[in-house]
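Visitor: Let's have the full structure, built from the sequences with the hints guiding it.
Heads up: the protein sequence lines correspond to chains A and B, in order.
Counting from 1, one number per residue, gives the positions in the first sequence under this note's numbering.
Counting from 1, one number per residue, gives the positions in the second sequence under this note's numbering.
Hints were generated in silico from the structure; no laboratory data involved.
As the structure is a computational prediction, the values presented were derived from the model and not from experiment.
The beta carbon of each residue, even a glycine, is placed where N, CA and C say it ideally should be.
Watch out, some of these pointers could steer you wrong.
If you anchor each label on the Cβ, the simulated ranges turn out as follows [as the list claims (entries may be wrong)]: (1) B:Phe64 with A:Ala17: 22 to 32 Å; (2) A:Ala187 with B:Ala52: 47 to 57 Å; (3) A:Arg581 with B:Pro218: 48 to 58 Å.
From chain B, some residues computed to sit far from chain A (all C-beta separations above 10 Å) [claimed, not checked]: (4) Pro59; (5) Gly74; (6) Val210.
Some residues of chain A that are not near chain B, with every Cβ distance over 12 Å (derived) [said to hold, decoys possible]: (7) Gly223; (8) Lys350; (9) Arg505; (10) Ala575.
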Amino acid sequence: MARRISPTGLLGAALIAVVLLLAIAGPPLWGEAAARMDTGGINAPASAEHWFGTDALGRDVFARTMVAARLSLLLATLATLLGVGAGIVLGALPMVLGRRGARSMTTVVELLVAFPGLLLAMALAVVVGLGSRGAVLGLGCAMAPGFARLTQTLAASVAGSDYLAAAKVLGVGRRRRLTHYVLPNIAEPLILNLTVSLGQSLLALAGLSFLGLGVQAPEYDWGRLVSDGMTGVYISPMTTVGPAAAICVAALGFTLFGESLSQAASGRRAARGRSAVREHVSLPPEPGAVLRVEELTVTFPGGLRPVRRLSFTVRQGEIVGIVGESGSGKSLTASAVAGLVPHPGTVTAKRLELAGHDLLGLGERQRRHLLGTELAMVFQDPMSALNPALRVGAQLAEVATTHRGASAAQARELAVERLGEVALPEPARLARQYPHEYSGGMRQRAVIAMGLMAEPGLIVADEPTTALDVTVQRQILRLLREVTDGRAGVLISHDLAVVAQLCSRVLVMYAGRIVEELTVEELRAGPAHPYTRALLDSLPTLDSDRSKPLRTIPGRQPGPGERLDGCPFAPRCEAASDRCRAERPSLTGGVACHHPLKTKEAVR
Amino acid sequence: MAFVLRRLCRLLLSLAVVVTASFGMMHLIPGDPVRAALGPTASPELIEARRATLGLDLPLHEQFWNYLTGLFRGELGVSIATGERVSDIVGERLPATLELAFAAVPLTLLLAVPLGMWLAARTENGRRRGTELVFTTVSGFVLALPEFLVAIGLVVVFSVTLGVLPPAGRGDPSTYVLPVAALVLGPAALITRLIRLETLRVLGEEYVRVARAKRLAPARLYLRHVLPNTLTATLTIAGLLLAGLIAGSVIVENVFAWPGVGSRVVQAIVSKDYPVAQGIVLLYGAVVLVVNIGVDVLLGLADPRSQIRRH
Numbered sequence: 001m002a003r004r005i006s007p008t009g010l011l012g013a014a015l016i017a018v019v020l021l022l023a024i025a026g027p028p029l030w031g032e033a034a035a036r037m038d039t040g041g042i043n044a045p046a047s048a049e050h051w052f053g054t055d056a057l058g059r060d061v062f063a064r065t066m067v068a069a070r071l072s073l074l075l076a077t078l079a080t081l082l083g084v085g086a087g088i089v090l091g092a093l094p095m096v097l098g099r100r101g102a103r104s105m106t107t108v109v110e111l112l113v114a115f116p117g118l119l120l121a122m123a124l125a126v127v128v129g130l131g132s133r134g135a136v137l138g139l140g141c142a143m144a145p146g147f148a149r150l151t152q153t154l155a156a157s158v159a160g161s162d163y164l165a166a167a168k169v170l171g172v173g174r175r176r177r178l179t180h181y182v183l184p185n186i187a188e189p190l191i192l193n194l195t196v197s198l199g200q201s202l203l204a205l206a207g208l209s210f211l212g213l214g215v216q217a218p219e220y221d222w223g224r225l226v227s228d229g230m231t232g233v234y235i236s237p238m239t240t241v242g243p244a245a246a247i248c249v250a251a252l253g254f255t256l257f258g259e260s261l262s263q264a265a266s267g268r269r270a271a272r273g274r275s276a277v278r279e280h281v282s283l284p285p286e287p288g289a290v291l292r293v294e295e296l297t298v299t300f301p302g303g304l305r306p307v308r309r310l311s312f313t314v315r316q317g318e319i320v321g322i323v324g325e326s327g328s329g330k331s332l333t334a335s336a337v338a339g340l341v342p343h344p345g346t347v348t349a350k351r352l353e354l355a356g357h358d359l360l361g362l363g364e365r366q367r368r369h370l371l372g373t374e375l376a377m378v379f380q381d382p383m384s385a386l387n388p389a390l391r392v393g394a395q396l397a398e399v400a401t402t403h404r405g406a407s408a409a410q411a412r413e414l415a416v417e418r419l420g421e422v423a424l425p426e427p428a429r430l431a432r433q434y435p436h437e438y439s440g441g442m443r444q445r446a447v448i449a450m451g452l453m454a455e456p457g458l459i460v461a462d463e464p465t466t467a468l469d470v471t472v473q474r475q476i477l478r479l480l481r482e483v484t485d486g487r488a489g490v491l492i493s494h495d496l497a498v499v500a501q502l503c504s505r506v507l508v509m510y511a512g513r514i515v516e517e518l519t520v521e522e523l524r525a526g527p528a529h530p531y532t533r534a535l536l537d538s539l540p541t542l543d544s545d546r547s548k549p550l551r552t553i554p555g556r557q558p559g560p561g562e563r564l565d566g567c568p569f570a571p572r573c574e575a576a577s578d579r580c581r582a583e584r585p586s587l588t589g590g591v592a593c594h595h596p597l598k599t600k601e602a603v604r
Numbered sequence: 001m002a003f004v005l006r007r008l009c010r011l012l013l014s015l016a017v018v019v020t021a022s023f024g025m026m027h028l029i030p031g032d033p034v035r036a037a038l039g040p041t042a043s044p045e046l047i048e049a050r051r052a053t054l055g056l057d058l059p060l061h062e063q064f065w066n067y068l069t070g071l072f073r074g075e076l077g078v079s080i081a082t083g084e085r086v087s088d089i090v091g092e093r094l095p096a097t098l099e100l101a102f103a104a105v106p107l108t109l110l111l112a113v114p115l116g117m118w119l120a121a122r123t124e125n126g127r128r129r130g131t132e133l134v135f136t137t138v139s140g141f142v143l144a145l146p147e148f149l150v151a152i153g154l155v156v157v158f159s160v161t162l163g164v165l166p167p168a169g170r171g172d173p174s175t176y177v178l179p180v181a182a183l184v185l186g187p188a189a190l191i192t193r194l195i196r197l198e199t200l201r202v203l204g205e206e207y208v209r210v211a212r213a214k215r216l217a218p219a220r221l222y223l224r225h226v227l228p229n230t231l232t233a234t235l236t237i238a239g240l241l242l243a244g245l246i247a248g249s250v251i252v253e254n255v256f257a258w259p260g261v262g263s264r265v266v267q268a269i270v271s272k273d274y275p276v277a278q279g280i281v282l283l284y285g286a287v288v289l290v291v292n293i294g295v296d297v298l299l300g301l302a303d304p305r306s307q308i309r310r311h
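Guide: Shown next as structure tokens:
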């Protein structure tokens, strides 16, 4: 495996190496000392001569611990191999057996998995008899169901794959499909699990021996030594602690190594974070503005700036559309306004004002109250925007109890009222239902109703119709227009047609910046920025020539980490000149372009 | 309702399998179990007499019938070694084991659930890597250790070295501390890990973003919106934990000389007192099955979506 192993994994590997060395070299080196009886020094506590003390026959426990490594490891390996072998056979059989056989096999495995391994091992120890053989057999059988289930799960994931379907079509037989297609593809996770299982069976065997159900005298393994030591634990604790420590070392080794192997395999990557910093300059407020944003920037670690020095204002009674391709920073702009940028992201702005209150200057508590009452968010996916474990009515009502100090009964009443306002039939009954009982359109209505609970001044809708089917889209857009009447709205969308329907003003974003700001009339008359033009051209209309393919915009948008000196759209722009590539145009007269289009042609 | 009935049918079927297996256990033993139990010095007459009292001289199907009818009367058989009724042994020993279990399960959940959620809230989105590292290291270490080593470690530290708690026996409240602690530590570490991961998953869900957009107080956010959605996974694992507790209690009872069924079953196996071992293993099996069904039904009740999903 070429992937990197963590330091703890290396430690684990080192511990395993020590145990392996002991298993090989222990018996020849210490075998004699371990068997030598010293009748003068029975049950002696730890000393310089006997590090772990001596046992009831005066034998050196340290030497016995070293020697016992071999038997402990050997038995654990045998039990694991037995368990894995039996488990893979049990788990793979359903693939060969056909439907009915497969189902009954799966049921048997399900039943066995539920039983604790120790219980199965005990039952088998009764049948097979006490001793190493019984313990290994019992433990192997106890491990088999777990591995069978793992094999089944993994095999099931392979069973859905295209290459297996192809093999089936090609007429590859069941058995060959299993040995040549399924098993090779599930080998890696199985082997990973083997390492962890080896550690577990080492522990389980030690446990069995400790109980007296495993290795019997005169043979001894670590568990047996611990059990022998316990009788004299008050006189000589080391006699117990020594062998116990050996078990710990071995178990830790296997666990650490196994875990780091599976982590390396799954390629888990942890995000690193920084806390948010906000810069803030006081400026006089502008009357009539519900939302004022100046030089809003969102930064992520690693020099990523998906939103760059954005300024815009949303006034009472208007709906402002923010459009752009995915990755233009439009959704993050909405999140930044709502204070919902996920953790490593940092939001800075010269001004961020909601309903005349400075969001940056407020304390956490007041900020929460202001955002909770003045701003409502409508998210893209109504399927996941409602909490599946709570009744819809309760999710609406809690807004009123949290922010408006309403009693539970008042809040419930208000929730039903709001559900009625978004044209949901039988709101009182629907309020008592769970989200999964709603259709997609109904959920989006409920989300909008939830936004209305606190009588907000601003409604921010982030792609509110993208996840809905076309007939429902229209209804939701109409509803949004109704509920924003007398308030202010922001609609985030990639769809110029939707924006043109609902909004009065449009901001076009490209690579984290506004490239054009225009009214819907101006948009219809013909935009000035080549990017907006290109977006319009890529829309199908009723009179577009269907014999020609739709226009697409060649190239791609620069990423949030790229530094560009010139116009970010220049590489994709037909009208780009050398000036465009060298100097970034600023937003003047509503457009950020060196060569704005002058033609005012009618759209649609 | 149909789903509960289906579960009950499955429980009965599983119980039938377990009962048959426990009956078979006795008959799969190579050689003569009575001879093995009484030792080579026992006279043939004694062995014949004991075989007759155990009913082992009857044909197999009659034995099975007697075993089944006996179970319905609450009879689990008679000890080969002492002649005591196994049901009496269980009745006398079970309360001590149940005490441990009833102390350990709530304690585990009370420790693990708040701790796991707190850790998730603290380390969300890779914040506070230090806390995460300390937690994963400590819990990983605890998880790597088996119960009997944890138990022995507790005895060595608190009884032998510090001398503050009794090392064995069942009596005043102080005798419960170490056995319960030994039972709780491992499962608590496991469940804390699980709750942390589940909470982190739920915190990334869209509806939590929505709940945050509503600016709810943190207590409401975590307890009403996040916690219920972590319950499915938590209850599933808690069920496995309960079943695992049975294995744990066998070990812990043996370390602390606790007079429960767990220490008795080991004695029975070592002394080849098969009916006693058989009876207790059957009891354990039945408990595992009943607990699993209980968790399944609870899951069905706790998750409003499951009624649809299970059809």
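Visitor: Next, verify each hint and record whether it holds.
Guide: How the hints compare with the structure:
1. B:Phe64 with A:Ala17: 22 to 32 Å: Since Phe64 of chain B and Ala17 of chain A have Cβ atoms about 53 Å apart, the given range 22 to 32 Å is violated.
2. A:Ala187 with B:Ala52: 47 to 57 Å: holds, 56 Å
3. A:Arg581 with B:Pro218: 48 to 58 Å: With Cβ atoms ~50 Å apart, the hint holds.
4. Pro59: holds, 21 Å
5. Gly74: Gly74 of chain B clear of chain A: closest Cβ-Cβ about 22 Å, beyond 10 Å.
6. Val210: violated, 5 Å
7. Gly223: At roughly 8 Å from the nearest Cβ of chain B, Gly223 of chain A sits no farther out than 12 Å, so the non-interface label is violated.
8. Lys350: Check passes; 24 Å lies beyond 12 Å.
9. Arg505: holds, 24 Å
10. Ala575: holds, 40 Å
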